[in-house]
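Enquirer: For the protein sequence lines, the chains are S and Y, in the order given. Last residue of the first sequence? That's 253 in full-length UniProt numbering, and every number before it is there in order. Last residue of the second sequence? That's 313 in full-length UniProt numbering, and every number before it is there in order.
Certain hints may be false.
Dumping the calculated EDC-like pairs for lysine to aspartate or glutamate here, alpha-carbon to alpha-carbon at most 20 angstroms [unchecked claim]:
#1 S:LYS84 <-> Y:GLU86
#2 S:LYS252 <-> Y:ASP68
#3 Y:LYS127 <-> Y:ASP172
#4 Y:LYS291 <-> Y:ASP246
#5 Y:LYS218 <-> Y:ASP25
#6 S:LYS252 <-> Y:GLU86
#7 Y:LYS227 <-> Y:GLU288
#8 S:LYS252 <-> Y:GLU72
#9 Y:LYS140 <-> Y:GLU86
#10 Y:LYS291 <-> Y:GLU198
#11 S:LYS84 <-> S:GLU165
#12 Y:LYS8 <-> Y:GLU72
Incomplete in silico selection of chain Y near chain S, CB under 10 angstroms [what the hints assert, rightly or not]:
#13 GLY53
#14 TYR73
#15 ARG78
#16 GLY81
#17 LEU82
#18 ALA97
#19 ALA109
Hint data in this document are derived by calculation from the structure and do not stem from the laboratory. Ideal placement from N, C-alpha and C gives every residue a C-beta, glycine not left out.
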Amino acid sequence: MNTHGVWAIYRFEMARGLRTLWQSLITPVLLTSLNFIIFGGALGSRIQEVGGVDYGSFLVPGLIMSSLLVQSVSNASIGIYFPKFTGTVFELLSAPISAFEMVLGYVGAATTKSVAIGLVILATATAFVDVRVDHPLAMLGFLILTSLAFSLFGFIIGVWAKNFEQLNFVPTLIVTPLTFLGGVFYSIDMLPEPWRTVTLFNPVVYLVSVFRWSFFGTGDVPVAISLAVTLAFLLLCLGIVMVIFRTGWRLKN
Amino acid sequence: MDTILSVKGVGKTYASGHTALDAVDLDIGRGEIFALLGPNGAGKTTLISIICGIVTPSSGSITVAGFDAQREYKQARRRIGLVPQELSVDMFETVLATCRFSRRLFGRAGHDALIEQVLRDLSLWDKRDAKIMELSGGMKRRVLIAKALVHEPDVLFLDEPTAGVDVELRRDMWRLIHRLRENGTTIILTTHYIEEAEEMADRVGVIAKGRLLLVEEKGELMKRLGKRELDVALAEPLSAVPPGLDGVTLANDGRTLRYVFRPEDEGAGIPALLRRLEAAGIAFTDLETHKSSLEDIFVGLVHDGVHEREQAA
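Produce the complete structure using the sequences and hints provided.
Expert: Here it is as structure tokens:
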């Protein structure tokens with residue numbers, strides 16, 4: 001095991017995050033604050049409670065999740081895309097480091113950063129609303145699991161992307177809409193049919209639901225199903241990453 | 001020869017059907033400086049990239065210090081340092097940080113004293129805290145060399161190390177290469193500057209259109225293929241080459257007799273020609289000889305090699 005190599009990549013990626021600290025942390029904090037002001041304060045006063053939870057508090061898990069998904073994907077994708085773009089990927093490919101070790105470094109760092117962002121948003125939320133967490137360990141567990149799954153997904157996007165447009169395509173045009181339609185601002189029980197059924201095909205629904213359960217003890221879909229969907233997505237991404245390295249797709253000639 | 005790198009039947013054909021490398025066999029001895037010479041697009045970088053693990057070969061096998069480059073890639077790659085042709089460096093990193101990164105990436109524990117030594121050797125120590133984007137092109141190339149050396153490789157690949165580099169840096173680079181060799185590092189460099197191969201290499205390989213045309217000790221190559229040229233300044237200009245003088249042409253409006261010969265050919269050589277000139281009653285005022293450089297040899301080889309292949313096809 002090339003632990004020095006894994007550590008080198010991890011530290012490099014964390015240092016890159018620190019260089020762009022403003023963008024990495026302030027943006028999600030600002031967005032969360034705006035969401036609380038607009039949806040929690042201005043509009044939320046007209047919605048009293050959702051499933052027995054104050055609407056402002058109800059928003060917290062969904063908002064954390066939505067930032068987490070976008071940040072994980074963009075962070076991990078740029079981490080591997082940038083060396084491809086600048087040509088420094090030659091060093092990674094010529095190094096005595098396995099595919100697994102390389103992913104461990106890149107995805108590990110992206111996951112760490114996402115979890116940190118999630119916790120910062122949670123801390124920001126407490127400034128606006130009362131937040132209670134019924135299952136703190138499960139909350140942390142899902143935070144890490146989701147960050148990991150979407151960082152892996154981001155890694156794949158970074159390898160796949162041939163230009164900056166493609167790099168931004170998935171976070172902006174796929175992840176963001178899915179997040180908005182994934183029950184961040186509402187409970188899917190509030191939707192009329194057939195939209196309620198349609199929305200069950202959106203994987204983000206399961207992530208938000210199980211995360212909300214860890215806060216308030218209730219979710220839109222059963223915990224076990226949510227967990228299974230999250231794990232299935234994680235394994236799918238892991239499988240794709242392994243295939244990428246075995247074939248050298250878009251990394252090697 | 002104590003072989004440190006062995007390349008057997010390595011070829012590369014891209015999905016487009018283009019064959020960049022055609023069944024190359026090559027053995028490199030420990031501690032030697034080997035120059036891979038060839039025109040642009042000959043396959044030099046492809047061969048290096050395959051050995052270093054950046055390009056997957058279509059056929060063949062490679063061992064580095066006895067380790068299979070595919071199956072035991074970790075052991076093999078640990079022993080290799082690569083300085084690429086392109087100035088691919090992390091612009092936002094500092095010189096010191098990027099060197100530390102490279103050392104760890106290659107599985108070595110931090111060793112700041114060694115990194116300091118490498119940076120000092122490359123006149124980079126004063127720039128250690130500078131961001132790479134602030135450095136000149138020549139300095140960036142030095143950084144790439146430092147990055148390739150900090151994990152203490154046994155074999156160093158230099159892909160066109162002096163392309164686009166000023167004279168001073170080129171001299172520095174040559175000195176560095178000699179110093180590395182003294183420490184036992186094996187060096188393989190690609191170049192299309194013949195001067196570079198002539199100056200530094202122990203052995204030379206000539207590659208063109210994906211084929212390794214020959215591998216030979218530099219001195220041997222010069223001796224075997226090197227022609228000598230004798231210019232005889234004539235007292236009176238001639239209108240035609242006198243009969244009985246083989247291999248002689250007229251130049252400079254008939255004022256110069258040019259004689260091209262291989263020293264080992266029987267009956268050739270300067271004394272023989274001079275005797276024949278005397279017998280023919282031709283007076284001369286000056287003599288000038290020079291040997292053909294590696295460049296002439298190279299141009300001839302590549303031309304013949306390509307010509308032969310075209311005829312075969």
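Enquirer: Checking each numbered hint in turn, tell me which of them this model violates, lowest number first.
Expert: none
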